[in-house]
Amino acid sequence: SQTIHQWPATLVQPVGSPLSLECTVEGTSNPNLYWYRQAAGRGLQLLFYSVGIGQISSEVPQNLSASRPQDRQFILSSKKLLLSDSGFYLCAWSGIGAGEAFFGQGTRLTVV
Amino acid sequence: ELKVEQNPLFLSMQEGKNYTIYCNYSTTSDRLYWYRQDPGKSLESLFVLLSNGAVKQEGRLMASLDTKARLSTLHITAAVHDLSATYFCGSGGGADGLTFGKGTHLIIQP
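Listed in order, the protein sequences are those of chains A and B.
Reading the first sequence from the start, the letters are residues 1 to 112 in our numbering.
Reading the second sequence from the start, the letters are residues 113 to 222 in our numbering.
Source of the hints: derived by calculation from the structure; they are not laboratory data.
Quick reminder that beta carbons are idealized off the backbone N, C-alpha and C, glycines included.
Hints are supplied without guarantee of correctness; some may be wrong.
Computed, partial: chain B to chain A, Cβ under 10 Å [unchecked claim]:
| hint | residue |
| --- | --- |
| 1 | Q118 |
| 2 | L144 |
| 3 | Q149 |
| 4 | S154 |
| 5 | L155 |
| 6 | S157 |
| 7 | V160 |
| 8 | F200 |
| 9 | G202 |
| 10 | G204 |
| 11 | G206 |
| 12 | D208 |
| 13 | F212 |
| 14 | K214 |
| 15 | G215 |
Required output: the full structure, derived from the provided sequences and hints.
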């Protein structure tokens, strides 16, 4: 069966510090991968999606970047965090041609 | 641009009552997804609706899809406290990912 791992679960970082969140998927090959953000009390915003190694599409301009160095690994990064980067970050995957997305446990990021 | 609108965004109801959450989407799609989110937790897939007229049921929850009206509903029957959560509908999918509504925050009071 497929599983998705996301870490860390919580993170408190000062403004201006770098960020690296990692997500890995097991039990499937060539998944579509996604990073979503959920601001406090708000809906889900798609940040990045990837259909393959090295292929990243960005939905919104922002202070963040994403990379996919391996088939089942997806990384969310920032060189310098802003207060507005605080939120709940969710990694998700879906199969090729399928729409249903399966989510990791999320990372709660607080920028102070 | 695909837009997904849910209503209501907030719902407080008593146990034993019935209610419906509505999800409208702006472009033609044959796929609609419902998720549940508990406070501080991730999203859990509830229902996958893949065609017009699709109906799925799990316990006290039933979801349906009308692609002609671009409408999906999530019906709650005889609500119980354990169903308190935020419910999201999402449309689209595939490589571009899902577009979600803002979520319906459901509180079920004894």
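Verification of the hints:
Of the supplied interface hints, the one on B:Q118 holds, with its beta-carbon coming within about 9 Å of a beta-carbon of chain A, less than 10 Å. The criterion of a C-beta within 10 Å of any C-beta in chain A is met by B:L144, whose closest approach is roughly 9 Å, and the hint holds. Given the 10 Å rule on beta carbons, the hint for B:Q149 holds: about 9 Å separates it from the nearest Cβ of chain A. Interface restraint check: B:S154 against chain A, minimum CB-CB distance 5 Å, threshold 10 Å, status holds.
At its closest, the beta carbon of B:L155 sits 5 Å from a beta carbon of chain A; the interface hint therefore holds under the 10 Å criterion. With a cut of 10 Å, the hint placing B:S157 at the interface with chain A holds, because the nearest CB-to-CB distance is about 6 Å. Because the beta carbon of B:V160 sits about 5 Å from the nearest beta carbon in chain A, less than 10 Å, this interface hint is met. The closest approach between the C-beta of B:F200 and any C-beta of chain A is roughly 7 Å, which is under the 10 Å cut-off, so the hint is satisfied.
The restraint placing B:G202 at the interface with chain A holds, with a minimum CB-CB distance near 8 Å, inside the 10 Å limit. Of the supplied interface hints, the one on B:G204 holds, with its beta-carbon coming within about 7 Å of a beta-carbon of chain A, less than 10 Å. The beta carbon of B:G206 is positioned within 10 Å of a beta carbon in chain A (closest approach about 6 Å), and the interface hint is therefore held. Among the interface hints, the one on B:D208 holds; its C-beta lies about 6 Å from the nearest C-beta in chain A, closer than the 10 Å criterion.
Interface hint status for B:F212: upheld, as the beta-carbon distance to the closest one in chain A is roughly 4 Å, under 10 Å. Interface restraint check: B:K214 against chain A, minimum CB-CB distance 4 Å, threshold 10 Å, status holds. Nearest Cβ of chain A to the Cβ of B:G215: about 6 Å, under the 10 Å cut. The hint holds.
This entry satisfies every hint, going by the numbered hints stated previously.
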